[in-house]
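Participant: Here the protein sequences come in this chain order: A and B.
So that you can map any letter, position 278 of the first sequence is 278 in the numbering used here, and since no number is skipped, the others follow by simple counting.
Counting from 1 along the second sequence, just add 1000 to a position and that's the residue number in the numbering used here.
Just so you know, the hints here were simulated from the structure itself, not pulled from any lab data.
Glycine is no exception: its CB is placed at the ideal position from the N, C-alpha and C atoms.
A couple of the hints might just be wrong.
As the list claims (entries may be wrong) - What follows is a list of derived Cβ distance ranges for each label pair:
{"hint": "1", "chain 1": "B", "residue 1": "Asn-1171", "chain 2": "A", "residue 2": "Lys-266", "range": "11 to 21 Å"}
{"hint": "2", "chain 1": "A", "residue 1": "Pro-263", "chain 2": "B", "residue 2": "Asn-1171", "range": "12 to 22 Å"}
{"hint": "3", "chain 1": "A", "residue 1": "Asn-220", "chain 2": "B", "residue 2": "Lys-1259", "range": "19 to 29 Å"}
Said to hold, decoys possible - Derived pair list, reagent style SDA-like, types lysine to any residue, alpha-carbon separation capped at 25 Å:
{"hint": "4", "chain 1": "A", "residue 1": "Lys-259", "chain 2": "B", "residue 2": "Thr-1222"}
{"hint": "5", "chain 1": "B", "residue 1": "Lys-1139", "chain 2": "A", "residue 2": "His-110"}
{"hint": "6", "chain 1": "B", "residue 1": "Lys-1273", "chain 2": "B", "residue 2": "Arg-1026"}
{"hint": "7", "chain 1": "B", "residue 1": "Lys-1103", "chain 2": "B", "residue 2": "Asn-1024"}
{"hint": "8", "chain 1": "B", "residue 1": "Lys-1096", "chain 2": "B", "residue 2": "Thr-1147"}
{"hint": "9", "chain 1": "A", "residue 1": "Lys-266", "chain 2": "B", "residue 2": "Asp-1117"}
{"hint": "10", "chain 1": "A", "residue 1": "Lys-273", "chain 2": "B", "residue 2": "Thr-1222"}
{"hint": "11", "chain 1": "B", "residue 1": "Lys-1073", "chain 2": "A", "residue 2": "Ile-224"}
{"hint": "12", "chain 1": "B", "residue 1": "Lys-1266", "chain 2": "B", "residue 2": "Tyr-1081"}
As the list claims (entries may be wrong) - Just a sample of chain B residues kept apart from chain A, beta carbon distances all over 10 Å, derived:
{"hint": "13", "residue": "Arg-1005"}
{"hint": "14", "residue": "Gly-1010"}
{"hint": "15", "residue": "Leu-1021"}
{"hint": "16", "residue": "Pro-1086"}
{"hint": "17", "residue": "Thr-1147"}
{"hint": "18", "residue": "Thr-1162"}
{"hint": "19", "residue": "Glu-1257"}
Here is how the chains run, residue by residue.
Number of protein chains: 2
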Amino acid sequence: MTICRLGYLGPRGTFSEDAALIYNSRSERMLREHPTIASVITALMGGELEEGLVPLENNLEGGIAATLDLLAKQDGIYICYELVCPVSQCLMAEKKMEAGEIKQILSHPHALGQCTDYISRYCPEAECLPVESTASAAKSVLGRPGTAAVANRRAAELFGLTLLAEGIQDNEENTTRFVVLSRSDHPPTGNDKTSLVLSVPDGPGTLYQTLGYFARRNINLTRIESRPSRRIIGDWLFFIDCEGHRSDPGLVELWEELKQAVPFLKLLGSYPKSSLPAHIPGRPDN
Amino acid sequence: MTICRLGYLGPRGTFSEDAALIYNSRSERMLREHPTIASVITALMGGELEEGLVPLENNLEGGIAATLDLLAKQDGIYICYELVCPVSQCLMAEKKMEAGEIKQILSHPHALGQCTDYISRYCPEAECLPVESTASAAKSVLGRPGTAAVANRRAAELFGLTLLAEGIQDNEENTTRFVVLSRSDHPPTGNDKTSLVLSVPDGPGTLYQTLGYFARRNINLTRIESRPSRRIIGDWLFFIDCEGHRSDPGLVELWEELKQAVPFLKLLGSYPKSSLPAHIPGRPDN
């Protein structure tokens, strides 16, 4: 039997690697680091990977634009699993220093956005500089006194940095939802969710009418996110998650109704509902 | 009479400065550059400004998280005007070179996100590095051969750079919507919009029920954007724009109904509907 190849958004030392390690603890996969979300999806389509793990949304910052846009336009890939991972942001630097002495703080824009309260209170003089990942922020503080990074604990270990503060995110319930993508979705388990994306016809009340198809069948929406469409029919796309598997009779009927009613409709997949993982499993530190 | 002081998100050479200059051509204001969106709003609350101009959403990338979150939690400021400005992204460098020779591309993450198709086609080897503004990207390419910036034409002029390509954004209809904030909103003009933010009660069908209040009064929604709430009641906030002024009888009645129906409701203001500006007015180049 061939080992399943799982691609994830690198580099090592990011929250995506944390999520890949959590997922991998279920059954062993060959982990492959990718530089971008688009590259994970291209490798999946090209048959170089069986599965790809990408971030979908953060409960403070909202949807990850790159993932949502690619899912809306790419045929033949489906969500087959979700993981909701707690995010604990840490402040780190090469050597111990007080938060007030920090001149510059580097991190991914989402991570900086998650720590605005802490930064404005404890490091009001610091300049925030966005970089491409939390791991590259951590790596970049080496040899730069006065500069700190916001990243995860794992990054501090990887690059030998000193932790100045832990859990500095604005909201203690900061979580990121990752999804595993594959060329087919997950069979029913009895406790599932279904993700889809649609646009609604022009005119007043059309989103209201569309949500009515779900409400009349008592299908609970667990999330709705509207995004401007990128060249896809309609001005707005609505990313909707609802309870149930696409093979459930209620969802089968809903799908037939929606197909008639909306100009654009695409299944993103059915998959088991996540329960929060207890912890990140132990891992070698090579 | 005192001249009105208008704060905007700096630095000079960004699309926000373009928008401030367009707005200023209506009647002259004293322009004040601010380093962050939060600082514009703080200065407005503290009486150092009469008006503040900030970006609200881009039609490709979606809502500007910092503006939406501040509007949802800050009492006493209202949207009094909107401007929808076309965005033309340009590729620029210190000296003329071919797109394929570019090793690094610097820009604000939103601007990089707007040009992903162009960059992956013409500069597939280039590494994209997010920085804090399009203007700082332009400034940073000085003295760095092989490095280009994505920014507006104005930035190329300000920093004496060579334009390599113009209009490189994925979508020709790329626009950013800016709003002018003030301590009061705009009187009715007969062609107005109203912005509000609300959360809906827990349970199935509650967003559907809430949108029903608008649909039954034939109040047209021009935009809905859901965002995870940050410490405000409810898991999600819905930013809604609808047609009409809050003093219109239909909207007065809608407001009374919504107040009873939803756990959180906040007026963001009524203001005249934007028509696209023809061009950016001429300006001194000091």
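Participant: Taking the hints in turn, state whether each one holds.
Facilitator: Each hint tested on the structure:
{"no.": "1", "hint": "Asn-1171/B with Lys-266/A: 11 to 21 Å", "in the structure": "holds (19 Å)"}
{"no.": "2", "hint": "Pro-263/A with Asn-1171/B: 12 to 22 Å", "in the structure": "holds (18 Å)"}
{"no.": "3", "hint": "Asn-220/A with Lys-1259/B: 19 to 29 Å", "in the structure": "holds (26 Å)"}
{"no.": "4", "hint": "Lys-259/A with Thr-1222/B", "in the structure": "holds (24 Å)"}
{"no.": "5", "hint": "Lys-1139/B with His-110/A", "in the structure": "holds (24 Å)"}
{"no.": "6", "hint": "Lys-1273/B with Arg-1026/B", "in the structure": "holds (15 Å)"}
{"no.": "7", "hint": "Lys-1103/B with Asn-1024/B", "in the structure": "violated (39 Å)"}
{"no.": "8", "hint": "Lys-1096/B with Thr-1147/B", "in the structure": "holds (11 Å)"}
{"no.": "9", "hint": "Lys-266/A with Asp-1117/B", "in the structure": "holds (22 Å)"}
{"no.": "10", "hint": "Lys-273/A with Thr-1222/B", "in the structure": "violated (33 Å)"}
{"no.": "11", "hint": "Lys-1073/B with Ile-224/A", "in the structure": "holds (21 Å)"}
{"no.": "12", "hint": "Lys-1266/B with Tyr-1081/B", "in the structure": "holds (18 Å)"}
{"no.": "13", "hint": "Arg-1005", "in the structure": "holds (23 Å)"}
{"no.": "14", "hint": "Gly-1010", "in the structure": "holds (14 Å)"}
{"no.": "15", "hint": "Leu-1021", "in the structure": "holds (25 Å)"}
{"no.": "16", "hint": "Pro-1086", "in the structure": "holds (15 Å)"}
{"no.": "17", "hint": "Thr-1147", "in the structure": "holds (15 Å)"}
{"no.": "18", "hint": "Thr-1162", "in the structure": "holds (25 Å)"}
{"no.": "19", "hint": "Glu-1257", "in the structure": "holds (15 Å)"}
The structure does not agree with the numbered hints 7, 10 stated previously, though it agrees with the rest.
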